[in-house]
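K.L.:
Hints given; two lone chains; assemble the complex.
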Amino acid sequence: EAQVTQNPRYLITVTGKKLTVTCSQNMNHEYMSWYRQDPGLGLRQIYYSMNVEVTDKGDVPEGYKVSRKEKRNFPLILESPSPNQTSLYFCASSLGGSPEQFFGPGTRLTVL
Amino acid sequence: KNEVEQSPQNLTAQEGEFITINCSYSVGISALHWLQQHPGGGIVSLFMLSSGKKKHGRLIATINIQEKHSSLHITASHPRDSAVYICAVRGINSGYALNFGKGTSLLVTP
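As you go down the protein sequences, you meet chains A and B in turn. Everything in the first sequence is counted per the working numbering, starting at 172 for the first residue and increasing by one. Everything in the second sequence is counted per the working numbering, starting at 53 for the first residue and increasing by one.
Read the hints as simulated data drawn from the structure, not as lab findings. Be aware that a few hints might be false.
[To be verified] Here are the simulated DSS-like cross-link-like pairs (lysine-lysine), alpha carbons at most 30 angstroms apart as the crow flies: (1) B:K154 / A:K228; (2) A:K236 / B:K120; (3) B:K154 / B:K120.
The following block holds chain B by itself, in its conformation from the complex (with noise of 0.2 angstroms):
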């Protein structure tokens, strides 16, 4: 199994400020997922990556399949990013089997 670590397990910021969320796996993969879980509850999916880096207005993540490391940046913070980031992996022989970080909980304050 597929053991997926991330850090911080809790984070506060100031808006404005550059954040960073790290998630590290232990075994290949062929995919790496990183969601986002609102204070309601919902989940949405926010990138998909199997190599390199990828950009969504404020939010930025790259990955390094070397290291077996990922992170979630968002830049300039705000308080309606406060919510639940999760990191989730597809191993290499788990077909479409996802293995998920216990998540990072982010609050922005204004």
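The following block holds chain A by itself, in its conformation from the complex (with noise of 0.2 angstroms):
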């Protein structure tokens, strides 16, 4: 089945401990790309990958980095966590510039 993986899928930690999202896809998707959402604030764009080894800033990149060095994953890395990085995150995978995006199930992070 073609899908978006995300692990974990709920994450209480405290502030300044370092912790990584994963993000793995099964359709050979070039393009990948993090999102965070907030209540009242929507979908914002964290960093984006246009193919192993690329990666480029988003909207809202500060405090997170990234990584591609496969084709199939794509983690989120949070350094040194604060509370203000409490959100939702989605991960989304698509073929080059096809229309069609598809999303991960979300992973809700709460950094106390």
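P.N.:
Right, here's the structure in full:
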């Protein structure tokens, strides 16, 4: 089944404790992206990647890192999480400039 | 940055009604997306438009590039259409970065 998976789905952590949210797709998509969704602000793009070893900043990249060492994986790294990074995070992928983006199920992160 | 405005913010309709959700943006775009977010949180792509009109089942999306405006129409609405509908645009000079509207929350009652 074609899908985008994210792990973990739920995470409660404390300020400053490094964490990684994984994202993996099995559709051989070139394009992958991370978004965060906050009440009243909607979805905002954090980082995206056009292909292996090619990443670029979105709207709100501060406090986040990404890497794209393999085509299928695009992990989101929070080196020193802070409470303002408490949010619902979505990973998405698509085939090049294709219209349809496939979204992962979301990761709800709480930073205390 | 491309400002994306959606209206209305919230919409309640009775089953069977024709529904229109609007999206306006501020600068030139290369593409506009309509997304649907289910009550459980999952997000599904509905359409991508760069011109004209697209139809999928009871959903129709139109775009007017000159007026910087798009509409999503739902014909013969059904309670299962209840969801948040999100407009997102890809600016001409923004590469593949997307800017999102805040979404329109639709509730269709039986």
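K.L.:
For each hint, tell me whether it holds in the structure or not.
P.N.:
Each hint, compared with the structure:
1. About 21 angstroms separates the Cα atoms of B:K154 and A:K228, which keeps this hinted pair within 30 angstroms; it holds.
2. Taking the CA atoms of A:K236 and B:K120, the gap is near 33 angstroms; set against the 30 angstroms cutoff, the hint is violated.
3. Pair hint B:K154 plus B:K120 holds up; C-alpha atoms about 17 angstroms apart against a cutoff of 30 angstroms.
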